[in-house]
Every structure is written in structure tokens, then in C-alpha cells.
Amino acid sequence: MIIVVLTGLITGIISGMGIGGGTILIPVLTLLMGVAQKSAQGINLLNFLPTATVALYCHIKAGRVRKDLWLGLVLGGVLGALLGSWLANSLQPEYLRKGFGVFLFCIGVSEVLKKGSKEEQEKKEKKKIDQKDQISYVSPAHVLKSKKHRFKNKRKRR
Amino acid sequence: MLGVSVKTGFFGEINNKMVGLKKGFFMKVKEFLKKHKKTLTFGSVIGFINGLLGAGGGSLLVPFLERIMKVEEHEAHATAISVILPLSIVSSILYVTRENIDYTLLLYVAIGGTIGGLIGAKLLVKIPKKWLHRLFGIVLIIASIRMIFS
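Sequence lines, in order, name chains A and B. Per our numbering, residue 1 is the first one in the first sequence, and the count goes up by one each step. Per our numbering, residue 1 is the first one in the second sequence, and the count goes up by one each step.
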């Protein structure tokens, strides 16, 4: 039972961050605890409800949820979910699942390889420029340039 | 003659008012659709995938918010939870009625899960964007492999 609570904890941390905890919970339940696949999926779903409620409370308090996007996404989402679960009985989504898996894999790889956002890149560039400045104080070329600069400034002053 | 008199009479006024109300309502709907065009279409795609495959909507939502809507990373993750929660409430109601679930096991998982959710929500701000991307990517890869070989 300690294992179960621990996996619950890890799952909660990951899904509280909005990454997707079911990916870890379902394999642990099916492989280690010998729970049936469908039952594990149900446990994962029901476990998400209190976890997400608590996490959402925290996020909303911190003002991290974009309310302007929320309404459209939820309305569209409910419509799509009704259509999808209605079609799930008549369609056999086996190939779709595999295709979607490949697509997700590509997104995952691009996420892992993604460089930092623009702000971070700008920060890095700034750091590089700073380093260049620090080095060029020693280099003669920069000294010459700076002397020229001084000359110009003196001329202007005169 | 009778029709004309009715139209200009009391019922005519009500009818005109009703038409006005209807126009206003449709205009509002149109404005709403225009305003939320992107989110509505993408929300329905996510809901459709979630309903059809039973998983994977949320993992698609975060990259969509980041790349197309240009939402800041931490905000995108928080918004994704807020969208997935109502969807999973609906699908969990369906699950409870269809499948039988081991509730004692659920209790133990949920105890850990709730505490973890609180920790995770507080931790999210402290994780730098680069590592958030990497962690998310790794979880996505695991999920996709499970999806392909299930």
C-alpha cells in the first residue's frame, strides 16, 4: 500500500504541474499491482478529479489560468467529447490510436530538444555580449576603437 | 386585411420584439464564435480525441497553447488542467456506470494524489521553462510508446 500511495504522490505532483500523471499511474497499477487495464484507467480518471481540483485552486489563486481561452476550449471540448465517445462505439480506433501515438512521439521529441524560449535566448545573447566586452577590454583592437571614440568625443567637445 | 391589422396591432409589437431579441441573440452568438474561433475548433478536436481514444487530449493541449496561441509555458500548463478537469468529470461519470472499480485502491491512490497535486501546483512556478519542456517531452514519449504498443 505504501507503493500505491507513493505512486499516487508522484502522479499527483506531475499532473498538478499539468504534464499528465496517468502515464505513470496506469503502468504501475497494471504491471506491479495486477489491476485490469480498464479498471486502472477508471482509477486514473477518478484520481485526477481531487488532484486537479486542489491543483486548480492553487493555480487560480496564483492567477495562472487564462480565463479568456477557457470558455471556448471547454465548450468545444464537451461537443467534441460527445461526438468522439459516440463514434468510439462504431469506429474501431485501433489504427487511429497508433497514428496518434506516432504524432505524440514527434511532439515529445521536439519538446525535449526545444531550446529555451525567446526571453531565455535573449538573456543568453546578452551574457555572450557581456563576455565579449569583458574579453575585448584586454584586446588591443578594442583599446584602439575606444581611443578613436575618445578622439571623436574630444573633437566634438572642442 | 385581417393579417395586416394583426401585424400592426398588439401581436405585431410582440412579434417585432421577438425578432429583435432573436437578432440580438444571433449577433451575440456570431460575435462569440468569431472571438473564440480558434479555441472552439481546437477544443472540439481535443474533446474528440479524448472521447475516441480515452486519452491524449491534454498532452496535445499544452503544445497547442504554447505554439499557436503563444501562451506562456506555466500558464499553458495551468490552463490545460482547467480544461481537462470538466472533460474528465464527464468521462469518469461514464466510467463509474460502466466498469467496476477497486475503490479501496482508489482511496490509497487518491490520498497520495491529492497531496501530490498540491505540491505539484506549488512546484510548477519554481521549475525553469527549459526543464518543464524536457519533463513534458519525456512523459509524452512514454505515453506515445504505450499508445503505439498497447
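Quick caveat, the hints were computed from the structure, so don't treat them as lab data. C-beta atoms are modelled at their ideal positions from N, C-alpha and C, and glycine is treated no differently. Some clues are possibly wrong.
[Claimed, not checked] Taking lysine-lysine and the DSSO-like style, the derived pairs with C-alpha atoms no more than 30 Å apart in a straight line are: (1) K128(A) to K37(B); (2) K37(B) to K126(B); (3) K129(B) to K67(A); (4) K67(A) to K122(B).
[Unchecked claim] Beta-carbon label-pair distances, calculated as ranges: (5) K30(B) to L82(A): 19 to 27 Å; (6) K30(B) to W86(A): 21 to 29 Å; (7) S90(A) to K126(B): 20 to 28 Å; (8) L113(A) to K30(B): 35 to 43 Å; (9) E94(A) to K30(B): 37 to 45 Å; (10) L83(A) to N100(B): 25 to 33 Å; (11) K98(A) to K30(B): 38 to 46 Å.
Pair hint K129(B) and K67(A), alpha-carbon separation not exceeding 30 Å: holds (22 Å)
Satisfaction of the hinted span 38 to 46 Å by the C-beta atoms belonging to K98(A) and K30(B): Once the Cβ atoms are compared, 39 Å apart, the range 38 to 46 Å for K30(B) and K98(A) holds.
Pair hint outcome, K128(A) versus K37(B) [Cα-Cα no greater than 30 Å]: violated (42 Å)
Given pair status - K122(B), K67(A), alpha carbons within 30 Å: Answer holds: K67(A) to K122(B) is near 20 Å, not above 30 Å.
Verdict for S90(A), K126(B) (Cβ pair) under range 20 to 28 Å: violated (46 Å)
Range hint 25 to 33 Å (beta carbons of L83(A) and N100(B)) holds or violated: holds (27 Å)
Range hint 21 to 29 Å (beta carbons of K30(B) and W86(A)) holds or violated: holds (27 Å)
Cβ distance range 35 to 43 Å for L113(A) and K30(B), holds or violated: holds (42 Å)
Cβ distance range 37 to 45 Å for E94(A) and K30(B), holds or violated: Cβ of E94(A) to Cβ of K30(B): about 40 Å, so the range 37 to 45 Å holds.
Restraint check for K37(B) with K126(B), where alpha carbons must lie at most 30 Å apart: violated (33 Å)
K30(B) paired with L82(A), Cβ distance criterion 19 to 27 Å: holds (23 Å)
This entry does not satisfy hints 1, 2, 7, going by the numbered hints stated previously.
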